[in-house]
Amino acid sequence: MSIKEADRVLPVATGESEVRREKRSVVQPSRAKQYEPIVIGTLSVAIALTVWQLVANARIWAVLLLPGPWDVAQAFVKLFQTADIWLDIGTSATEMGIGYGMAIAVGLVVGLLMGWYTRFQYALDPFVNFFYSTPRIVLIPLFILWMGIDMQPKIAVIFLGALFPIIINTMAGVRNTEAALLRVARSFGASDALIFRRVVLPGSVPFILTGFRLGIGHALTGVVVAEYIAARHGVGQLIAIASQTFQTPKALAGVILIACTGMLLTTLLQRIENRFQSWRPQIR
Amino acid sequence: MYDRSAKLAAKGVGIEYWLHRSKTLFTAVKGVDLTVRPGEFLAIVGPSGCGKTTFLNAVDGLIPIADGALTLDGRAITKPGPDRAMVFQQPGLLPWRTVLGNVIFGVEAQGSMSKAEAIDRAKQQIELVGLKGFEDAYPLELSGGMQQRVNLARALLTDPEMLLLDEPFAALDAQTREMMQLELLKIWSQTRKTALFITHDIKEAIYLADRVIVFTRRPGRVKNELEIKLSRPRDLRVKRDPQFLTYEDEIWESIQEELAVPAERLQAGMPAA
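Chains as they are written, first to last, in the numbering used here: chain A, 1 to 284; chain B, 1001 to 1273.
Only chain B is shown next, with the shape it has when bound in the complex (with noise of 0.2 Å):
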């Protein structure tokens, strides 16, 4: 399971937070160990509060881990880079800022282009994320699946190595979620870039991932993992099929079972009252 040519390499993680208010140490996850092989999507989905947003936070190098070692191509992480990119649940684009300006803010940021350059190939992506006719346009004159179409755009334009999506389709309307799950999938075959999902729903999870792995409660670690083995290009209907709902099933039970813990395990993770 854990080959050396892991893409991103998780062993023993553990993210611990101080809660200023109660003045205690909060383990948000604790004893992580995953790996992501190159090019591979995986998500991972969990019960709310389970310490994956936080994970990604980490691995995107916002965070500092408190235990273990979390490495990208064998290389600690300590703080975010160029080789990773995140899109985020919160589109955060600069409300100032129009579609195209907001798309390069990601290189801007690095510093890893010129303008002239980043503006060109913002561009085509922008007209990837099928926003083309919109580059002018202002965050606040779009709706919400065009606002993170402009999130993903700008995290793809800077070209990492691993692309990380933190719920990215939560906020929107079920239709719109399709929609976007559909198209992200299709960019992604394109570019076949590695992706760590993050997510709650689980077939969204399912359908887009070649993996899922499934975190306990809080303090988060992972509980199961699901190799998915539907064929590739998938489309809308694939979340009919039989073997889809099996792997659903299974994915839910476990999740259910983190969901019927005990509250003794419970307060295990939990700040004392």
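Next comes chain A alone, as it looks inside the complex (with noise of 0.2 Å):
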């Protein structure tokens, strides 16, 4: 049985590369095929850009209203070519790798804590679910009443705005534990220590990183309004006087700058995510 059961299930390698556990399926798709996602998605943002390029260029809204991709590409170099682009980049990066950073360690060990024991999650849960129902937006005229219009009031929304998923995910993860995984584990009597080593923390990685990719978006989304409200440096504290001042394009390419910044941590979650679950089967 063993060999006829295990030739519909792996497939042999054939050839001499070294066929990877995840490229599994019954044909080896065509290049075509593999590179299928790339050139339709590269297709769509192109023919968006060209849409919105001849709009603009009819010119029914002036450039202050609607300016063109065009436009907002020169802003875009124009804002490169300033010595204060880098000072606002520096600073809006140092907030959230600090805020963001911050808002991981914490997170995860408080997380896995209230996963792990109840009584701490019965102590900690009040806190938990008034800050996460409460937009953290709101605290930012307080903070900057208490600590002023440098950094420390953008780190302390951005922690504050990643810590609550990265805790709920997290503590989801631990909650989750198969409960047939901790029986076997139980069965050949492992330690609680090496029950959460083993079972618990590996079984709960796919939840933590799905609370570290949420919190992502919630940071960034700290950092810009943040600086919006008040700030000296920082990219939203250019958004906020670029737009203020009628410098469409400038703004934009803000805009864009803080967009591409969120897309590319996401995907770098997602990659890590990816190595993570190599295990789990493809399902295309």
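Keep in mind that the hints were calculated from the coordinates and are not lab data.
The structure displayed is predicted, hence computed values, not measured ones.
Misleading hints may appear alongside valid ones.
[Said to hold, decoys possible] Some chain A residues close to chain B (C-beta under 10 Å, calculated; not the full set): (1) 71; (2) 181; (3) 186; (4) 194; (5) 196; (6) 199; (7) 202; (8) 205; (9) 269; (10) 279.
We put the beta carbon where it would ideally sit given N, CA and C, even for glycine.
Since each chain comes alone in its own frame, lean on the hints to assemble the complex.
This is the structure:
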């Protein structure tokens, strides 16, 4: 039985190249099929940009109201010719790095503890619910009042923004540990520490990484909005000033900068997630 | 019957649990008396819901007993130990670990072996259960039968005094199940470990076991027991042996009586509605 059965499940490696496990499918996908997502994606973006450019060229609205992609690109280049941009990016990146890094460190530990120790969860649940259901942005004026308009209030907002999705997802990961796996571990006399390290923690990784990914969105929102309200430097501040002084292309260039950062970080985390999931058969 | 050299001895074992939903005490088994002799393959059959799996969980030490005494080599069973290993109905494999990683999980949990030694011996064990070449495959890439082989190898690697099997082939298709029974016997004959096998499949019980015990319906206790005097090694043809069929009839009748028990007696073990 075993050989027959095996053939059905695992395709036999053919050719001299090593067959990678994640590339499992009955037939090797053709080259065209492999690049399909990139080709179609690029094409649809190109079409959208063209339409936008054509509408802008018609000049139904002034550049001030609707700049074309070309105007934005020019503004983007000009932006990077100034010395200030690096100060802005540096400021925002530092705020983001510190705030998000702290959220990961604290969120992971608190989330794991809340998932593992029910009493710890009972104690912290009210706070998590309170903060998670409150838009953290409303706290910005308070933070500015307490901490001034330097980086500290931004870091606080980013931290609080990213913290709760990380806590909640990490906790859910621990809680979702399969009962059958726990039973097996207990049956073999595993200690609580071993169960945590070898069963609960690896099982929670997908949840934890999802929390990290959701946290990025919240953190970026925090950066921009906090700087929007009051700041000396930063990309959010740049967008705020540009739009208040009717430099629409420049404002849009800032928006694109933020959006690209978000996409980059999210893609990066998605990659890490995939790495941790090499054992999961692909759906496609 | 109750020889002192018994590997496992159950005397008047009762197991109860508290049902949170209906706030009642639920009696799963009551007054179970049985022994398993060293090196014996004992199968327990019974109508579904008779508490046979619950009893096995108590033998494994996963749940406490409310009444009586349950001893392994004369020592009371209070918690899981390296002297027993369970093969579960659901394979319960860590999906992020390869076959090799899953097979060593049991000894890893027990902390009874160095990692290098565990890997070395796991490879032999994988070969024994017929999974050579699949050491690096992940559970989700395996069929149900292959997953159960991993489940079995994981238990065998811990080299237990007693092997506990909880309907390990119940979820497999009929053909795979027969093949697995054959292979289990082959593996068992090499080690001759004391085995306690739970099943609802009468043929399976007769085919595998030296002795079959029939449980009553809930609350389960020993209703009947039968020495299976079929010579070993047994191949699958033994299932058509007239003696085999006689055993089957006898056990089937015994179980049918339980299924036909009037409703009043049924309620004795049930939670008050």
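*So which of the earlier hints does this model not fit?*
1, 5, 9
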